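*Asks:* If you're matching them up, the sequences are chains C and S in order. Counting from 1, position 244 in the first sequence corresponds to residue 244 in full-length UniProt numbering; the numbering is continuous, with no gaps. Counting from 1, position 179 in the second sequence corresponds to residue 179 in full-length UniProt numbering; the numbering is continuous, with no gaps.
These aren't lab readings, by the way, just hints derived from the structure by calculation. Note that the coordinates shown come from a computational prediction; the quantities given were computed from them, not determined experimentally. Misleading hints may appear alongside valid ones.
[Said to hold, decoys possible] Selected chain C positions facing chain S (Cβ under 10 Å, derived; list incomplete):
1) Pro-20
2) Arg-42
3) Val-46
4) Trp-68
5) Leu-217
6) Arg-260
7) Met-324
8) Pro-328
[Stated by the list, open to error] Pulled from the structure, derived: some chain C residues nowhere near chain S, Cβ distances all over 10 Å:
9) Phe-21
10) Ser-22
11) Gly-149
12) Arg-176
13) Ile-184
14) Phe-189
15) Val-203
16) Leu-218
17) Arg-222
By construction, the Cβ of each residue, glycine as well, lies at the ideal position given by its N, Cα and C atoms.
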Amino acid sequence: MRSLAAAPLWGLWFAFLALPFSGLEGSLRIGLACALVVGAARLAGVALRAEAVAPRVAKGRETVAELWESFLRGMRDKRVAPFVLLGIMALPWWLGRYETDVLVVAGIYVMLALGLNVVVGFAGLLDLGYVAFYAVGAYSYALLNTWLGLPFWPALLGGAALSAAFGILLGIPVLRLRGDYLAIVTLGFGEIIRIVLNNWDDVTRGPNGILGIGRPLLGEFRLSQPMHFFYLVLALCLFTIFIVNRLNRSRIGRAWAAMREDESAAECMGVDLVHAKLTAFAFGASWAGLAGVVFAAKQTFVSPESFSFFESVIILCMVVLGGMGSVPGVILGALILIILPEMLREITFFRPMLLGGALVLMMALRPQGFLEARGLRLAEGALPPEMREKAERTGR
Amino acid sequence: MLTQQIVNGIVVGSVYALIALGYTLVYGILQLINFAHGEIYMMGAYVGIAVLAVLGAMGVTEQSLAISILLVFLVPMVYCAAYGVTLERVAYRPLRRAPRLSPLISAIGMSIFLQNYVQVAQGARERAFPNLLHLGSFELMGAHVSGLQVFILAAALAMMAGLQVFIHKTRLGRAMRATALDRTMASLVGVDVNRVIAMTFAIGSILAAVAGVMVGMYYGVVNHYIGFVAGIKAFTAAVLGGIGNVTGALLGGFLLALLESFWAGYVSAVYKDVFAFAVLIVVLIFRPEGILGGSAAETDRS
């Protein structure tokens, strides 16, 4: 009960903090909301820990986890998966043009988030300039297509390769750096790319962007409708999921996991850190490049505005909220973060604020994300209990 | 032209140095990059505007300039200290034992949250920062120097001197140094580590508040976005001088601003920010420990 008494104090404190920004009335409202939220959270904390409730909560949690597991197993089942896929493929016939377009955007973000997940989730390297590689892909197609008339399909490969090259280029200088330095350097790199795109008028046409980018051709057929792009993006997403799952279970995937948990230990066990880091950057970047080419072809227009730092943050949110390292989690994160704001138009204005707050809350309450990553895990009973506890506290 | 660039560089450098101190103090104790520090600086400038609005409405500004100047610095200092302490309490303290990526992500979240809170509450447009000081200007070896520039440099130097005295002469400063050296050991000999960490955030934020108010006065306008670039530049300054090192932050701040001023004056004003990022990357490749730092910057102490 003592902890409950703190709620009004928190409310008062936040009202005080908000005063110069939100005015008297606004700050009082914020203070009241804070007091209520803190009070409710404390109350819920007390209630959930109560002896009568705690076992039931644990059991409920287990049931949900089991249901989810069986759902995932069902999705992977060879008898069910084709029908699920057919269901997804039927979506654009059932949805309208606009909804299909939203799904195309969501699909592009699924690719981006899965790519970033390789860098952040698998290899544990925090990349805050991921959008730079997306920009490289988009602009390389935009420029090569409008100048030289390069068609879409070779550009898809070229954009991915060029982005991968940029990824290695960025990777080399930061090889020796700790995680937090890496974050800042990648952030700076992303800004450099954006500023150059914005100011190199002769080539990129600056803030005006590049217009009239060609649509992809499939033989004689020109992909132009949202529905066409839906199938293109769906195919690319499936391809991405396949490759990313394979990567995670491959030799390099295990090297990434080892590096993520403890660099020094991984190095002692023979992991080539330079190779592991550079391949992570290259793989992650190449997917952003791929997504960038698709984005440019879908929009037929690119401008530096689409590649701001906040875009990197959104993709990072998809990975972090969904569950770092978990492929279904990251897909879920990307779908939620794109589709939810479309459904709740009123929150668009508050979206950046909500995302920032969600990152903080998630780290405090559930750092593993909605869906915890599976795969390499300490086997049950492989460690004595006290070491196990420590391992669980400090890592995955 | 040359002396003018130097004058401009020194003035901007004093601002960078003040913000860089906040990064360095926190890094010295927690080995954590406080991503949201730039936002604290931005919020300091906004609180300054709010104070000026209230003072103007009450008619204090006309009656007593001295009180107005005092309040326009003091209130943002108090507020930013409160923001800094709350930031640590809400976003960092719960994660002190978490994997290294967690506090970093939390810090980015906090930075995004604060920046957009200010945008939502205050609007995305630039806000004018009313000028209180009409100090005139003079010529110095061909350079145009305004009284405000002299005032900014003097105020910044005073804050830095105050910080040095605090760290080296007071009991709490000693506790801070002890905590920076070895947190566990410090807590064993009776230092209240949580209090020291909170104090560190408060002090860094007070310096940032002063920087924010001075930048508001200097440029006359602020927006919710100024914390982002200033934060990265101040961080670059801190790394350049040697992160965790107080003298290094000062050196890095002035050095970076001077280099940037020359770059903007003689090479390209458009790519000024690119130059600062490039400096950061080059320093991290060739000398990650900075000018004054030991080799500790690179090693993992967590």
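*Asks:* Of the numbered hints stated previously, which ones are contradicted by the structure, given in increasing order?
*Replies:* Hints 2, 3, 4, 5, 8, 9, 10, 12, 13, 14 are the ones this structure does not satisfy, whereas the remaining hints hold.
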